[in-house]
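In this text, residue positions in the sequence shown follow this note's numbering: the first is 48, and each later residue adds one.
Misleading hints may appear alongside valid ones.
[Said to hold, decoys possible] Cut-off 30 angstroms, straight-line C-alpha distance, at most; resulting in silico cross-link-like pairs (DSS-like, lysine-lysine):
1. Lys124 with Lys178
2. Lys272 with Lys176
3. Lys272 with Lys298
4. Lys124 with Lys176
5. Lys298 with Lys178
6. Lys178 with Lys272
7. Lys272 with Lys124
In short, the hints are calculated from the structure, not lab data.
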Amino acid sequence: MTRFEAALCTVTFRALRSAEIIALAREAGLAAIEWAGDAHVPPGNLENAVGVGRMSLEAGLAISYGSYIAPPTDDLKAFEQALETAETSGAANIRIWPGTRYRNSSDYTAEEVRSAAYLIRDMGAEAAKRKIAVSLEYHPNSLTDATDAALRLIETIAHDNVYLYWQPRPGLPLDEALAEIGRIGHHVSHIHVFAWDRDRNRFPLSSAEEYWRAVIDALPVSRWKGRRFAMLEFVAGDDPDAFRADAATLKAVLGGD
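Using the sequences and the accompanying hints, generate a full structural model.
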């Protein structure tokens, strides 16, 4: 079993102010926050990044930066702006979106995949200069929307500062989830945690507690060597009380409660 610490993606609460989210995370006893680059910490607003980063660190929360940079749609220059914002906030990790958003991996030619992979490799090299890791969103309608596609991409990138996230596609059966992480788990840095069905209906995390226990227990040893976070992403009704309950469940799953 790999040791994860409980965390929160702030995309869960787009309508709340940064200070309110920090207060919720601290109340729940979480270890880290991933700040949404399209909501609370927009790229290029360095003054805001400084303030949010300071508040987070003063609350004892480690920081990841959830950017929406999507190579090849976004180039290295766009990434560098997001990277500067991540560094300014104090983040040790920056999430990017592999491939043009909402485009299936099966729609890419082999040359297009290679081109995206080489651009991501360059992004990983730039981030390494600032001691920030790059992690790829693992998501439907992207270059990581299937296990084979994700493996092909990360192996083509072939850079030791670029990793994968993992999350189940909505409604993914447990046996398929275990098979998937068995193949890609060596490359996984952090994971996003939620309880959705295939129709994207949200449920209390307690309804999927055994699912997530099995996933956490089955994750293989990763080449990632830093702190690892299991990040709550979205809760039923965008309700802070639902978040509090889910955070307690997640900490229990991770053995932190």
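Ascending list of hint numbers which this structure does not respect: Checked against the structure, no hint fails, so every one of them is satisfied.
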